[in-house]
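Trainee: Sequence:
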Amino acid sequence: MKKGKSAKPKTKKQTMKNRRWHNIKIGQKYLTVFMITVVLFIVAGAVVYFQLYKSQQDIDAIDQRSDRANDIAKMAELIQTKDVQIADFIVTGNEMYIAEFVEYQKQFNALEEKIEPKMDTAKQKKIFAEVKKADEKVNDMFLNDIAAAVHTEQAYMSQSLRDQSSTLRMKNTERMGELMEIVDHTQKQAVENAKAGINYSIISLAIAIIVAIGIGVLLMFVISRRITANLQKVVTVTTEVANGNLLTESVHYQGKDEVGQLSAAVNQMKENIRTILFKVAEASESVSSRSKELTQSANEVKEGNEQIATTMEEISAGAETQANSASDLSENMNDFVQKVQHSEQNGKEIAKKSDDVLGLTYEGTNLMQRSVTQMKQIDAIVTEAVDKVQGLDKQSDQVSKLVLVIKDIADQTNLLALNAAIEAARAGEHGKGFAVVADEVKKLAEQVTASVKEITKIVTNIQNETDQVVESLNSGYNEVKEGTKQIQTTGKNFQSINNAVLDMVEKISEISSNLMDIADNSNDMNNLIEEIASVSEESAAGVEQAAASAQQTSSSMEEVSNSADELAKLAEQLNEELKVFKL
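Positions 1197 to 1779 (the numbering used here) are the ones given, in order, by the sequence shown.
No wet-lab data here; the hints were simulated from the structure. Each residue gets a CB set at the ideal place from its N, CA and C atoms; glycine is no exception. Worth double-checking, as some hints may not be accurate.
[As the list claims (entries may be wrong)] Below are the PhoX-like pairs computed for lysine-lysine, each with C-alpha atoms no more than 20 Å apart in a straight line:
#, residue 1, residue 2
1, Lys1488, Lys1270
2, Lys1603, Lys1548
3, Lys1639, Lys1628
4, Lys1452, Lys1475
5, Lys1270, Lys1250
6, Lys1548, Lys1572
7, Lys1603, Lys1649
8, Lys1466, Lys1535
9, Lys1314, Lys1384
10, Lys1319, Lys1329
11, Lys1544, Lys1603
12, Lys1603, Lys1638
13, Lys1270, Lys1367
14, Lys1597, Lys1548
15, Lys1488, Lys1221
16, Lys1775, Lys1765
17, Lys1302, Lys1333
18, Lys1466, Lys1250
19, Lys1270, Lys1314
20, Lys1221, Lys1270
21, Lys1466, Lys1548
[What the hints assert, rightly or not] So the derived label-pair ranges between C-beta atoms look like this:
#, residue 1, residue 2, range
22, Ile1405, Met1366, 30 to 38 Å
23, Glu1510, Glu1678, 23 to 31 Å
24, Glu1706, Glu1678, 13 to 21 Å
25, Thr1444, Arg1486, 29 to 37 Å
26, Ala1461, Gln1224, 44 to 52 Å
27, Gln1748, Lys1639, 33 to 41 Å
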């Protein structure tokens, strides 16, 4: 079998025409078809008009031919009438007949001038020319010969001329009859042509109307079919989209008419719905994932809050311990202050005794035994002073230990406040109150740290001064022992004892002065310790408030966890709903 010829590819011009046609709106397309139909009706009307115009011309020609036939008949009648006038004049000789003959001749000439241009064929012209020539001959014969013969009473001549004119009249009558037959035949032919033209016009009009209606209906059918086919594609796509199939093929329509706009809108709607559903699916997956993360985070925050609450309880316990320790420290400091004040009194007494010793050294040898006794007393007092100063040094060491304890507690409080601030930051909006409490705890811890530094500085100074006092007392004690030995062994060294006593007096004055400073600093330390106790109590209250906030945050996190679970369920439900669509 031979392969059929493949369809010729559309030219660029045809493609442009199709695009222009597709870009025309539907109403304009139907209007175009209507205009084409109207134009076809106009063309058909024009054709019928021209045919009717031609038929009208034929009818006019028939009317003209009818007039011509009438005129020819009148001419034939005038020929007969003129012949009658000739015969009557020959019989009667009356001149009236000549005048009437002339009058009829004028009518005949008028008809002759009127009809002669209407002779169409050569035969008609030839016959008409013969009639005209014969009529002229009859006129000349009657007016010249017959009239003269009648006037001269030449009867034979008149009759002979009459016979000749009668013969001419008969020939003209025959010619006029033949001309009438030709004219009648031509008129009948024109009538037949006019009838045929009218029938042809009617048939043409009917055919033109049928063709115009057929073309209009065909164009309407083609346009409606194309529009219906394209709309059916749109309906198919929209039905598939309505059934959830977003993978259906898009409507392919090259044009900007209503169908093209509808197709583009449906394609855009499908793509938009598909994009939206993709985003909704992604958002649903993200919501599901985020809700799980949120649930996990809420549980972690809840656990963290529980841990914070536990830590806050521990901090509260530590703060209470700190407050108790501060109270104990305050009591110890009161004792320490009393001891320092007692040492100060002793220092004053030592100074007074030293003055007495100094006075006794001036008394001489006789008072040596008394001096030895006094030296023993001094030895006992100095020993007691050394013991007390060493006790003060130990108390200072205990204060240093307490200060270190307070510093450790302050550092732990600061660290716990930092951890609490971090947990509050994780808690977000629910941790704002807790963050404020943590910040206050941090400030209190910083104040405690600053106070501890001041106390440490003061205690360090006390220890330094105490060391100096101990050193001085030890030195004085040694000197007293040495002086006692020297007094017991020899009075020669009395001057040395005197000098040692002088030095001792100076040292005791310095000790007394230092003890006064220690007493003043001890009062300051006592005030600071009381402040530390107050701060510790405030820290304990703040920690309790932070613990309450942590518990409240834990409750809120539990609600957040429940909400996250509900959100995850809704996301799963949304995913199930999205499975209806084919993406």
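Trainee: Decide, hint by hint, whether the structure agrees.
Mentor: Tested hints:
{"no.": "1", "hint": "Lys1488 - Lys1270", "result": "violated, 125 Å"}
{"no.": "2", "hint": "Lys1603 - Lys1548", "result": "violated, 42 Å"}
{"no.": "3", "hint": "Lys1639 - Lys1628", "result": "holds, 17 Å"}
{"no.": "4", "hint": "Lys1452 - Lys1475", "result": "violated, 30 Å"}
{"no.": "5", "hint": "Lys1270 - Lys1250", "result": "violated, 29 Å"}
{"no.": "6", "hint": "Lys1548 - Lys1572", "result": "holds, 15 Å"}
{"no.": "7", "hint": "Lys1603 - Lys1649", "result": "holds, 8 Å"}
{"no.": "8", "hint": "Lys1466 - Lys1535", "result": "violated, 96 Å"}
{"no.": "9", "hint": "Lys1314 - Lys1384", "result": "holds, 16 Å"}
{"no.": "10", "hint": "Lys1319 - Lys1329", "result": "holds, 15 Å"}
{"no.": "11", "hint": "Lys1544 - Lys1603", "result": "violated, 36 Å"}
{"no.": "12", "hint": "Lys1603 - Lys1638", "result": "holds, 13 Å"}
{"no.": "13", "hint": "Lys1270 - Lys1367", "result": "holds, 16 Å"}
{"no.": "14", "hint": "Lys1597 - Lys1548", "result": "violated, 36 Å"}
{"no.": "15", "hint": "Lys1488 - Lys1221", "result": "violated, 55 Å"}
{"no.": "16", "hint": "Lys1775 - Lys1765", "result": "holds, 16 Å"}
{"no.": "17", "hint": "Lys1302 - Lys1333", "result": "holds, 15 Å"}
{"no.": "18", "hint": "Lys1466 - Lys1250", "result": "violated, 64 Å"}
{"no.": "19", "hint": "Lys1270 - Lys1314", "result": "holds, 15 Å"}
{"no.": "20", "hint": "Lys1221 - Lys1270", "result": "violated, 71 Å"}
{"no.": "21", "hint": "Lys1466 - Lys1548", "result": "violated, 112 Å"}
{"no.": "22", "hint": "Ile1405 - Met1366: 30 to 38 Å", "result": "violated, 58 Å"}
{"no.": "23", "hint": "Glu1510 - Glu1678: 23 to 31 Å", "result": "violated, 58 Å"}
{"no.": "24", "hint": "Glu1706 - Glu1678: 13 to 21 Å", "result": "holds, 20 Å"}
{"no.": "25", "hint": "Thr1444 - Arg1486: 29 to 37 Å", "result": "holds, 33 Å"}
{"no.": "26", "hint": "Ala1461 - Gln1224: 44 to 52 Å", "result": "violated, 19 Å"}
{"no.": "27", "hint": "Gln1748 - Lys1639: 33 to 41 Å", "result": "violated, 22 Å"}
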